[in-house]
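**Q** When you get a sec, could you build the whole thing from the sequences and use the hints?
The listed protein sequences derive, respectively, from chains R and W. Going by the numbering used here, the final residue of the first sequence carries number 561, and the count climbs one at a time with no gaps. Going by the numbering used here, the final residue of the second sequence carries number 925, and the count climbs one at a time with no gaps.
Note that these hints are calculated values from the structure, not bench results. Warning: the hint list may mix true and false statements.
[Claimed, not checked] Calculated pairs, BS3-like style, for lysine-lysine (alpha carbon to alpha carbon, straight line, at most 30 angstroms):
1) W:Lys641 with W:Lys573
2) R:Lys410 with R:Lys242
3) W:Lys698 with R:Lys119
4) W:Lys615 with W:Lys569
5) W:Lys698 with W:Lys573
6) W:Lys569 with R:Lys115
7) R:Lys299 with R:Lys270
8) R:Lys410 with W:Lys917
9) R:Lys270 with R:Lys386
10) W:Lys772 with W:Lys688
11) R:Lys121 with R:Lys54
12) R:Lys121 with W:Lys844
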Amino acid sequence: MKAKVGVYVCECGPNIAGKTDLDEIITYLSEFRGFGDVELVVRKYGFLCSNQGKEYLEKEIRDLGLTHLVVGACSPRDHDSTFKDVCGKTQLNPYLYKIINIREHCTWVIDDMDKATEKAKSYLRAGIARVLYQSELFESPIDVNPDVLVIGGGVAGMEAALALAGENRSVTIVEKNDTLGGRAGKLRGFSFQEFNKPEQVEKLIETILGNPCINVFLDSEVTSVIGFLGNFEIEHVSLESKVITELFCGSIITATGADLYETTEESGFKYSESDDVYNSMEITEMLSSGDEITLRSGKEPETIAIVHCVGREELGYCSGVCCTVMMKTANMIKARYPDIRITQFYRDICLPPSGGQELYAAARSSGVNFVKVQSTGLSGTTVKFKEKNGDEGEQFFDMVLLASALVPSKDTPALSELLGIPVDETGFFQEAHRMTNPSATTTDGVFIVGTSQGPRNISDSMLFARASAGQILTKLLVGEKLVPEVAVTEILEAYCTGCGNCLDVCVYGAIYPDEARGISIVNEAICRGCGNCYGSCPSGALRTKHFTNIQLFREVDEALR
Amino acid sequence: MSSITIEKSASKGINDLLRHLLSTGKVDAVLAMRMMPDTGAWDLALVTDVKNLKELKPLAPVMTVNASQVLSNLSLSGKKIAAVLKPCELRAFVERVKREQGSLENLFTISHTCGGVFPLDLVAEGKVDRLLPKYEKVVSAGEIPSNIRDTCKACEHFIPMNADIMVSAAGECKPGEGCMIYLNSDKAREALSECTGEHGSAVLDSTSLEKLATARAREREKLFSSIEKDCSGLDGLVNIFGKCVGCHGCSRVCPICYCTLCDFESINFDYNLPYFEEHLARKGALRLPPDTMLFHMGRLTHMSFSCVGCGMCSDVCPVGIPVAAVFSRTGESTASIFDYLPGRDVTEEIPVMIFKEEEFPELG
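**A** This is the structure in structure tokens:
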């Protein structure tokens, strides 16, 4: 069939019409013979993105029987999908259309009308050249599984599960320990603002266990994850019975928490198990259980040191939550034992805007001593420190509390591999975008919440849990179909040598080796069409649909003609 | 290093060794150069029956195909194969293994100190037999035969790297005076523990090869400086590659050009109206087929740093372009930037496959 390309130039009010000679462009393109016997229909319109404009375009495509469409208008970020949808209503496959940006790239950046007109001409020519080499692509919606897997049954995981179950989503929690609750469970409510309500976490656990939508597997670990948003296949194994359970879900929430930094002798912390040295978890457990605070000898301590920023130097980041915990700890000890003398050795104090300042002020006013130091070390329960002016000192205490940093839980690297989600420079899971999409990951359908993503307190962890649940509830609708990306990469098997370059550069894990045939295979359902592999293939065996070499070559050839 | 001395010439000694490996079932097949006795034709042969071993001439200075190419799929078959490879073929194979095009696991790599190979036209004309006695004499004297491939004359890596079994066949080796076999791996020591010959311990006497090394270095210098003179700048490239007829023979025989089918032969390099119009508008005339230069530039950027200088490409070029010399010379520069030596070590990563955030900051 002879190609009949419609080229529609949008005036965009004065934005385009006022800065280019549109009639000149139309005459030039109408008379242009560089595309052989391709028939060109070149027209302009006021605002193509208006309802009338869209109706006009739809009618033109139908009435003229256009085989390809080029729209010269604004940035594709603004209206690419607008005109794609118009094509979708007609006989024209949306992938035989191309938007050309003659506003941001031409009229908005070039003052000289002649130059802007020339540039717009070459851009439009390039667009026509490209569109002639584009192929029809067909979107095929797939059924989605609305169920959710939550890995980790701490407060973040439980909160997310509860939010989802509230909308009647079926949720499975896989927890490697024998109880739900995670770290917060051990604190028995300590970290909540109201100290006297230790049953908070217990209540949450009870609600979870009593919810018919939530299925809990304790003592279990996820061992296999395959699939993609809407269709994951999971295997998890019971650590005790070794029974493997299969599970299908549409999205995954990772809520695997964090561990506490462990001090080393090399970093100046020398003490043994018999010394009265405790980390923040141990002391808060002691405090929240209601037991007396005693030394291992059975005596009551007279002096307690709180050493801040343990691991800060080695890890290179501030955990942000330890100061608050230690202020609370000091205040709780003081409330119960006003005679114990507490000294806090700190480098910087990092407190959240709400509530933190009050805790600090309370500690100050109850007589807690604050010493600003450059660095600290430990020998038994003797704190060694370097003061601000460089002087070194040491002081003996009955008991020492360490504000240890939070570090990624030890399962993080294995899970990162399993789920195909990267970790950042601190070793915690990396979010899709720190500011604009902090609870999603680069793998569609996999979310991270709580301290698996970095140090944060309980309320923030729960907030992120609800954010992830919200994303899942709006992204995976029950009964709706999902339209996977169709401009993905395909492999031309005859050209593939199985060298594996593409496997190394694929960030989505969409390529796997077919060892029997010695070639690589692209799973088009996982592929996002980023084109990394395309660039890495020496024989041109990989081809990203809608971005083929020949499409790009022709576009560039024509733009530079 | 373990060694075996066999009181025979090197070529007879290596045949004994292959017979031992095949007859004791240590390997399932042997890959080596062969000369058909009735026709005098040369080829690379895969032998599974002991009675066919006598046709093999494993040390012959002939390379009809770079053996690393055919060894790729064979090495993945799961069968144990003893492959007699020239040092450059072994290095090329290591480069292919790095690209997932083969495996060393089931191979016994046997290589030898190499005096260089005859160009294919001499082989095709059936002259090898006649030229061999003189070749052997010159090589054992540690000199360079005048009629071998140009890149062989200039090859400094004539001692095999990392072969399981190494046979001394140049320099120190005197025909008929006994053949030294060096066993470099446990695999080789185990397989040859019962091989006849005097078992001992020895290290290749590289001093006897110094003369050859010096002569090769001199030739290399000569070849490279002539290539630099002829092939520098755009004019030089046009001068050298202007003769190219676009047959792509050089890439077909290149052991590093590992793609089954080449991107240059795909639809991506089909030319049509806009291409012709654009070029003709600027120049008024266009050489056909187009982009022969781009093809060579593409190959140079993709694999020059892995070039082992085997010389196959120059041998098959119908218009006499010194492809191998250009690639060797370019490869030496590109590989040295990364302190890379093709085929030195299978664990050494290919420079272009490593991503470093900070690299060549001076290039911006």
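**Q** If a hint holds in the structure, say so; if it doesn't, say that too.
**A** Quick rundown of the hints versus the structure:
{"no.": "1", "hint": "W:Lys641 with W:Lys573", "verdict": "22 angstroms, holds"}
{"no.": "2", "hint": "R:Lys410 with R:Lys242", "verdict": "21 angstroms, holds"}
{"no.": "3", "hint": "W:Lys698 with R:Lys119", "verdict": "71 angstroms, violated"}
{"no.": "4", "hint": "W:Lys615 with W:Lys569", "verdict": "15 angstroms, holds"}
{"no.": "5", "hint": "W:Lys698 with W:Lys573", "verdict": "16 angstroms, holds"}
{"no.": "6", "hint": "W:Lys569 with R:Lys115", "verdict": "83 angstroms, violated"}
{"no.": "7", "hint": "R:Lys299 with R:Lys270", "verdict": "23 angstroms, holds"}
{"no.": "8", "hint": "R:Lys410 with W:Lys917", "verdict": "27 angstroms, holds"}
{"no.": "9", "hint": "R:Lys270 with R:Lys386", "verdict": "16 angstroms, holds"}
{"no.": "10", "hint": "W:Lys772 with W:Lys688", "verdict": "27 angstroms, holds"}
{"no.": "11", "hint": "R:Lys121 with R:Lys54", "verdict": "23 angstroms, holds"}
{"no.": "12", "hint": "R:Lys121 with W:Lys844", "verdict": "23 angstroms, holds"}
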